[in-house]
Amino acid sequence: VMFPKSKIKILVIVFFRSFHIPAFLFLGLWFGQQLLSSFGSLAETKDTSGVAWWAHIGGFVVGLVAGYYFKQTMDRWHPSASAPKDYV
Numbered sequence: 001v002m003f004p005k006s007k008i009k010i011l012v013i014v015f016f017r018s019f020h021i022p023a024f025l026f027l028g029l030w031f032g033q034q035l036l037s038s039f040g041s042l043a044e045t046k047d048t049s050g051v052a053w054w055a056h057i058g059g060f061v062v063g064l065v066a067g068y069y070f071k072q073t074m075d076r077w078h079p080s081a082s083a084p085k086d087y088v
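Per the working numbering, residue 1 is the first one in the sequence shown, and the count goes up by one each step.
Hints in this document: simulated from the structure, not taken from any laboratory. Be aware that one or more of the hints could be misleading.
Computed cross-link-like contacts, DSSO-like style, restricted to lysine-lysine with a CA-CA straight-line distance of at most 27 Å [stated by the list, open to error]: (1) LYS71 - LYS9; (2) LYS5 - LYS71; (3) LYS7 - LYS71.
Work the whole structure out from these sequences, hints included.
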């Protein structure tokens, strides 16, 4: 939400190489992986890992909402660039 065009460096072990990808792409892939894992955990067996996948998704959504809110209200905390230099 705050820096969607930022680049993230990832290491792909299969290729023995690192790549830079946009943050929104990385977060989309991460969210998809969490979502698939959460649906897979619905059918609980003795082989499931016990990870709270739905908590990861909930935290992601709450973080998006909070980030959007803070981005909208950021002007309250930071004076604009057009403010006079001696403005206190």
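(request) With a cut-off of 27 Å on the C-alpha distance, tell me whether LYS5 and LYS71 pass. (result) Within the cut-off at roughly 15 Å; holds.
(message) Holds or violated: LYS71 and LYS9, Cα atoms, limit 27 Å.
(response) 24 Å, holds
(request) Mind checking the alpha carbons of LYS7 and LYS71 for me, to see if they're no more than 27 Å apart? (result) 19 Å, holds
Every hint from the earlier list agrees with this structure, and none is contradicted.
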